Amino acid sequence: MEITYLNEWTWAASFGRLLLALAFAGGLASTIGYVAAVARPKSNWMTLGRWGFKVHAVGIFGAIGLIYLLIFSHRYEFQYIWKHLNDAMPTKLAFASFWGGQEGGFLLWMFWILLLAIVFLRRLPGKLEAPVMAIHSGVLTALSSMLLGLYFGDFQFGMDPFLMLREAPENMGMPWTFNPDYLALIPQFADGQGLNPLLQNYWMVIHPPTLFLGFASTLMPFTMAIAGLWMRDHKTWMRAAIGWSFFGVAILGAGILMGGAWAYEALSFGGFWAWDPVENSSLVPWLVLVAGSHLLLINRSKPGTAVTATYLMVGLSFLLVVYSTFLTKSGILGDTSVHSFVDSGILPQLLAFLMGCSGLFSAMLLPPGNERKIYCAIQVALAIGVVVLNPALCLLGMLVVMALAGLRGHLTHLPRTDQESPLWTREFWMFVGGMLMFASAVHITFQTSLPVFNHFLTPFSGLFQALYESTGSNLARKLAAHNLAPGTDFDATYHAIQVPLAFLFIGITAFTQYLRYGKTPSKKRFLQPLRSLISAVVLTFAFALAFDFQAWEAPRVALIFSCLWSVIANADYIVQVLKGKWDHAGASVAHIGFALVILGAVVSNAKKDVISSNQFGDLAMLNEALSNEEDLLLLEGDTLAMGPYYVCYRERRQEGIHAKFSVDYFETLPEDYAQGEVVAKDGFLFQCTSSHTALPNFEDDMEEHWTFVPIPNDRQKQEAQPWSAGRPGPYLFTLDPKIQLNEQMGNAPEPDTKRFWNKDLYTHIKWGRVSDPEADEEGWMDGRKHDMMRRDSLMIGKCVLALDSISAVTMDQKPLFGLLDKDLSVAAHFRLTGQGPDTSFTALYIVRDSLVIPDMVTLDNRGVKVRIDGFRPAEATFETVVWENLSIRRDFIVMQATVFPQINLLWLGCIIMTLGALMSVRQTRRLQRKRTPVQP
Amino acid sequence: MSRTNIFVILLVAILMGSLFSVFSQNSESVVFERAFAEPGVEFKISGTLNTDHPVLYDPEVSVTETRFHMRDKDGVTHPVILREAKPTGLEQSESIDLYGQVVDGEFIAGEMLMKCPSKYNEQSHDLAEAVELN
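Protein chains in written order, with this note's numbering: chain A, 385 to 1320; chain B, 533 to 666.
Since the hints were derived computationally from the structure, they do not count as laboratory data.
Worth double-checking, as some hints may not be accurate.
Stated by the list, open to error - Straight-line C-alpha distance at most 16 Å; calculated EDC-like pairs for lysine to aspartate or glutamate: (1) A:LYS1169 <-> B:ASP636; (2) A:LYS1169 <-> B:GLU592; (3) A:LYS1182 <-> B:GLU592.
Computed from a prediction, not measured in an experiment: that's the story for all the values here.
Just need the whole structure built from these sequences, with the hints factored in.
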């Protein structure tokens, strides 16, 4: 029985699925057509390929347009819209909700691939068209298959972005799905869930599209490399791919750093980079792409150099993009078996895509003919083994066969030069730099992929166990346990390797441009980078002194040196060699940018200064190892010294989904002390002997201006203020660190940062109340227990509650307190000071017939209630319960404030690097046009 | 042998060496039993938050003291003290690494690292439940 649902856009679901099916079919046709056209370029196969591609493009663009129509019409009957959109989201976020889920992510990725392919086609690629477009269409077909949403029994083939909520598997058979008017009847359909509030940020609008464009732009060089292998022409594609790969370098680099900026601005993990698997997995393809594009450059000037390495770098950059897509969605990364994206159910498909792309690439590396056929047969057999036998073992087998294929290709048909380039040539050092970057990528991948290796180690567990038992090797034992995990100490895990590598390859970017292709430069030329080297050494010394680097930080200082040298040398190159010809300066500009990024990252990270520290408590004195000096407790209205500022937590207010905590910052002025004033310092009292303005250290003033008070009188004790070098000066600025009220993910702090030209003051809330605490109707909050001895005191609101004295209640006092003669009673005499007149009162601890009679003392006008629940005579300690009324309560926050010096170099470097890489793209394009006149 | 080859071999050697150092580095974690057997020595203990016990954090008493119970890899639960403000998302954490030592019969940690569900994690939106509640 067909139900006609009311007010539902049933047509849109059917139309959307039609478009996606069309795209899949078109892609398939295009792939077949183009593959056949490689051998017969003038045949009708080419026409089939082109038309198939057009149909595919129409299908994908149509589907994207349709989803946007659904988004802007707020059609919440669709699962994708309901999950990622709600009415409260502003237009720009509604726009971004498109890529809130995986389905949209795939579509966005395909959108950019299509756009780049269209640009490629418009440039009349000639004989490259068929093979490049064949791979493109193949990849696009595979990607569009992930959106088909077909079920074969329990096996899901793709996720359908046009799935309606009533059709979702978890809602199947629910009674409401049979109600034609369910949209009007069920209130849940009036509004969607909306994007996770953590993602509701303007970075969500620009970061994913940039990153996906970066990912998409690694495909073009990859397909060109395959085209080169296919047509056995190792030259043409390398020239054509240079511009595309530098475009990828520019966009992917910008996208990665945008992610860092997002993390820095909106998430509170205290920095812009955390070596998180998700971050690493976009950095690694970029590093490999940079290595690859430099090898392409070498091949432009010296064709036939390091051909295998060039193929590998260019191929791997795309394969690593796919690998990281797989890795971050697979849930393998979780230490536990908690998967992050399991619900999508397309993991096998993603794995097949990854293995398919890598398999194809290594097949092409083999010499054409029988070897490729044998290779394919082995791989297919192993792939079947993955499904029916041991997945880990068979996958490992596939990877080993791929590696062997690459090696075989290198040893047989790929061109190799016997001629060694001289040491001081540009190509040699570019190659070295590229390989060092690749090494850096390998190391990061290795650390990120440890959980994957654990899976591969599982089948060998017994073997390693036996090895451990026979040799006692610690390594064998760890491998047998197969629960390797990347270390949590970034210095040991990443920096120990990455810093020396970066020192080397950034140093190489400083002088390599001064060298020439093919021949050793003249002596004059050789000395050209010398002046930048000397200035870099001088500047490094200045840096090391200014930021007080220690001897153990030598690797960092070395890295700072190579960054500075690279910046100066590349700037000098533009002046000295290029004489200001900007057209040729792309490489230099990009190198300056990259060096600035690393310089900013190293300095801001190594010399970050946590200026918030707790003024109260002596934890640090008890045990130095356990001290925590990074968090500051701020009571509402109090003004405290924090680093170079005085800070005051002024108010909390709620704005939308945020609780904002306004903290005012004041300048610090030196404190003036007048003759006769008494101060407390480290528990001792001092009196001022002559009026003066305080120096930063008390010790410097002590001799001249202070005299020790050995036996202070009561007045002195009461008047003595803690010594402080400064006092709050004029108001400077206000920061509003926030706590985001997030029902889905738990409340999350969001930092607020004051930016200066040379540093950032970065603050976030470590603890704060987002709403008033619970209280009864009269405003009394839950009582707190305190053990109090004589002379102990407590802060209650803005007052101090002190236990002045203890006395036993004598027989003649008992009637005064309304006690019976048999009662035992101790009296605690309290005094409440501050905020109005001092109030003294007495609370009793009463025991009658071995029962404790509660005696509640209520000071309504002061908003305090006190009760003694117990008395321990041996320690003369009262177990006191104190209630506070909301009317006197003071709010407080625990805040952390960090100064990141020179962090702006990083953002500046990012912009410069992107510009430089784009300048290179433009220049490459110009050179290509000059060399090959545009065909009519 | 050409210089390029020598360079590549050197690079591979250095890389392999550094990768194997990862295995030999003692990133292994111990269990409570060991830490309590050797008080005063710093250890890393990995485990999970035991949610049967409350997480106690009262900044008015101490800003930098969080008390909770942790279950180590042997399944043994111990109360621990963390000398830090209560980290956001502790209750949601999937696993915890504590760096600390036993002092006077209590495990006191100076540093803690958590593994939390990633922000990329999609929530399971259970419409069925929501509808049933209505």
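Q) Does A:LYS1169 pair with B:GLU592 here, judged by a C-alpha cut-off of 16 Å? A) With Cα atoms ~12 Å apart, A:LYS1169 and B:GLU592 stay inside 16 Å; holds.
Q) Are the Cα atoms of A:LYS1182 and B:GLU592 separated by 16 Å or less? A) holds, 13 Å
Q.
Tell me if the straight-line CA distance from A:LYS1169 to B:ASP636 falls inside 16 Å.
A. Distance ~24 Å between A:LYS1169 and B:ASP636 Cα, so the pair is violated.
In summary, the structure is inconsistent with hint 1 from the numbered list given earlier, while agreeing with all the others.
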